[in-house]
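So the protein lines, in turn, are chains A and B.
Reminder that position 372 of the first sequence reads as 372 in the numbering used here, one-by-one numbering, no gaps.
Reminder that position 138 of the second sequence reads as 517 in the numbering used here, one-by-one numbering, no gaps.
These are computed hints drawn from the structure, not numbers from a lab.
Here a beta-carbon is modelled for each residue, glycine too, at the ideal position from N, C-alpha and C.
Where hints are given, some of them may not hold.
Listed next, with one range per pair, are the computed distances between beta-carbon atoms [to be verified]:
hint: 1; chain 1: A; residue 1: GLU102; chain 2: B; residue 2: LEU543; range: 47 to 53 Å
hint: 2; chain 1: A; residue 1: SER335; chain 2: B; residue 2: GLU531; range: 50 to 56 Å
hint: 3; chain 1: B; residue 1: SER545; chain 2: A; residue 2: SER59; range: 20 to 26 Å
hint: 4; chain 1: A; residue 1: GLY64; chain 2: B; residue 2: GLY455; range: 31 to 37 Å
hint: 5; chain 1: A; residue 1: GLU151; chain 2: B; residue 2: SER545; range: 23 to 29 Å
hint: 6; chain 1: A; residue 1: GLN205; chain 2: B; residue 2: GLU389; range: 19 to 25 Å
hint: 7; chain 1: A; residue 1: VAL47; chain 2: B; residue 2: GLU544; range: 41 to 47 Å
hint: 8; chain 1: A; residue 1: LYS198; chain 2: B; residue 2: GLU531; range: 26 to 32 Å
hint: 9; chain 1: B; residue 1: THR457; chain 2: A; residue 2: GLY64; range: 35 to 41 Å
hint: 10; chain 1: B; residue 1: ARG381; chain 2: A; residue 2: VAL140; range: 44 to 50 Å
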Amino acid sequence: MEDADAVRDRGIDWLAGGGPDHEVVLSTRVRVARNLQGFPFSIRAGVDDRRRVLARVQSALEGGTSLVEPELLEMESLDSGQRRLLLERHLVSRDLIGNPDEVAPPGAALVLEGRRALGLMINEEDHLRVQTLLNGLQLVQAWQEVSRLDEELGGRLPYAFHHEFGFLTSCPTNVGTGLRASVLIHLPGLVLTKEIRKVLQGISQVGLTYRGLYGEGSEVVGNFFQISNQTTLGKTEEELIDHLARIVGQVIQYEKQARAILLREAPTVLEDKVGRAYGILSHAYTLPFDEMMNLISGLRLGLTLKLLRTPRVETLNRVMIFGQTAHLERMAGRSLDDADADVHRAAFVRRALAEDEEAARSAGPERDLPAGTDGDDER
Amino acid sequence: MRCDNCGEREAEIHLTQIVDSELTTLHLCSECAGEKGVPTQVGLGSAPLTDFLAQMEKGATDSALAVESEACPYCGTTAADFRRTGRLGCSQCWAHFEPKLRSLLRRIHGSTQHVGKLYLGAAEEEIGVGADARIGTLRRRLERAIELEDFETAADLRDRIHELESVE
Chain A
1 MEDADAVRDR
11 GIDWLAGGGP
21 DHEVVLSTRV
31 RVARNLQGFP
41 FSIRAGVDDR
51 RRVLARVQSA
61 LEGGTSLVEP
71 ELLEMESLDS
81 GQRRLLLERH
91 LVSRDLIGNP
101 DEVAPPGAAL
111 VLEGRRALGL
121 MINEEDHLRV
131 QTLLNGLQLV
141 QAWQEVSRLD
151 EELGGRLPYA
161 FHHEFGFLTS
171 CPTNVGTGLR
181 ASVLIHLPGL
191 VLTKEIRKVL
201 QGISQVGLTY
211 RGLYGEGSEV
221 VGNFFQISNQ
231 TTLGKTEEEL
241 IDHLARIVGQ
251 VIQYEKQARA
261 ILLREAPTVL
271 EDKVGRAYGI
281 LSHAYTLPFD
291 EMMNLISGLR
301 LGLTLKLLRT
311 PRVETLNRVM
321 IFGQTAHLER
331 MAGRSLDDAD
341 ADVHRAAFVR
351 RALAEDEEAA
361 RSAGPERDLP
371 AGTDGDDER
Chain B
380 MRCDNCGERE
390 AEIHLTQIVD
400 SELTTLHLCS
410 ECAGEKGVPT
420 QVGLGSAPLT
430 DFLAQMEKGA
440 TDSALAVESE
450 ACPYCGTTAA
460 DFRRTGRLGC
470 SQCWAHFEPK
480 LRSLLRRIHG
490 STQHVGKLYL
500 GAAEEEIGVG
510 ADARIGTLRR
520 RLERAIELED
530 FETAADLRDR
540 IHELESVE
């Protein structure tokens, strides 16, 4: 295939880390669901409908100004490994790529702006999912990016819109604004202090919902949660965004309090946890994904509490994405079974941590390493 | 144990709350708990639509949606299809199943009226109704925009109302 490297490093800008409230929030995602008039929704669409939708959207993108040099990746032109790369980067849904072992759904496509994640999914459950992904907590910024692109497309495409129900979607849980905003948040402090259940219950009582790292129904691994709005109708987009931002702000405060309490009340437990996580990650020769995520959670916590000096947060973000099987396969140049993947993952993580240690050693004084062993005078 | 709220069904949810610094425990059946907005399952994947569809299935015999056997004239989706998948087949489904969807939307979103972004591009092609209803909707949104002090949108809305009125 000529575009064997079509996926390359697309859509991973947000991995750079940083961003507002980055000690607790990894990333912010916003999407709106839109459908075109005159075409059945995906669940009822035939192959021809899907191709026509794709063609309409493609021509609407031409000459647009909201996306700088957008690139369109048709799922049918990508092999299963490439489709899984996009999934692992949180740029597409399982719905869009279909079963990776089978032929991709016809007309399904992802539009991206180079390394940025701003773009759209075409022929997902809805004809359009205009979306973006930013680092840290940037709900307003993300909404504005999506809104601008949505308005440009809406001026060129006939959206299905109802005078009472708003933007029509295939699933009634999305109708109205079509807006889903979600924040990927790291809550080890609340998990360790056993406050998490209360916080999550509180979240579900104020019209928000939470799930694991990989969307609907996914398990919580590594103390990473996605918090998002539950309702999409009856409130303006700004109200929905503002409400989510306020609640997430509170959760961040709770998490920071929990971390402070842990550091005060149980510093040894904390240091031990962080130190062991570092030890295993830097020395393991086989590493299942869930174990890696749980240990990374420990390192991330250690970094924000300054119990560790390396690795960089950016490295942890990279490892979280590139330590997934499709990414490991891409680096290895072949497909890997589970056991093989665990071995490759361990090697990848060892190398990443060693590189950061090396960089820190050549940059700073000797006592910067090994990390986390001189914690007493740090508190 | 009976539900504290309806006194009929078996209580499944035990909600402990602190109200005015007093500890109270409510014992609720899952339906009443759902109505009070209490999450009926702790853990992952609270899914209001799935719950709703499951409930619809249970009460299918007396639900209007079950009686409704006519398929959407445009895409052929039936009420049974919708119950099974939770997905509508096309935008005309929204008009076809409208009365039933309205009660579903109230349960999911607590509202049926979109107050967010206007789709200006589709002014003449909105699905549903004639100018009267559209003006009514625009008025409701105008009030809402003023309430939110969103004067830019309010100005847009006022223009659109004038436009529609002058056409009449």
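Here is how each hint holds up against the structure:
1. A:GLU102 <-> B:LEU543: 47 to 53 Å: Taking Cβ atoms as reference, GLU102 (chain A) and LEU543 (chain B) lie about 49 Å apart, which means the hint holds.
2. A:SER335 <-> B:GLU531: 50 to 56 Å: Taking Cβ atoms as reference, SER335 (chain A) and GLU531 (chain B) lie about 54 Å apart, which means the hint holds.
3. B:SER545 <-> A:SER59: 20 to 26 Å: Check failed, 34 Å falls outside 20 to 26 Å.
4. A:GLY64 <-> B:GLY455: 31 to 37 Å: The hinted range 31 to 37 Å holds for GLY64 (chain A) and GLY455 (chain B), with Cβ atoms some 35 Å apart.
5. A:GLU151 <-> B:SER545: 23 to 29 Å: holds, 26 Å
6. A:GLN205 <-> B:GLU389: 19 to 25 Å: 23 Å Cβ-Cβ, so the 19 to 25 Å window holds.
7. A:VAL47 <-> B:GLU544: 41 to 47 Å: Given about 45 Å between the Cβ atoms, the range holds.
8. A:LYS198 <-> B:GLU531: 26 to 32 Å: violated, 40 Å
9. B:THR457 <-> A:GLY64: 35 to 41 Å: holds, 39 Å
10. B:ARG381 <-> A:VAL140: 44 to 50 Å: 47 Å Cβ-Cβ, so the 44 to 50 Å window holds.
Hint check: violations occur at hints 3, 8; the rest are consistent with the structure.
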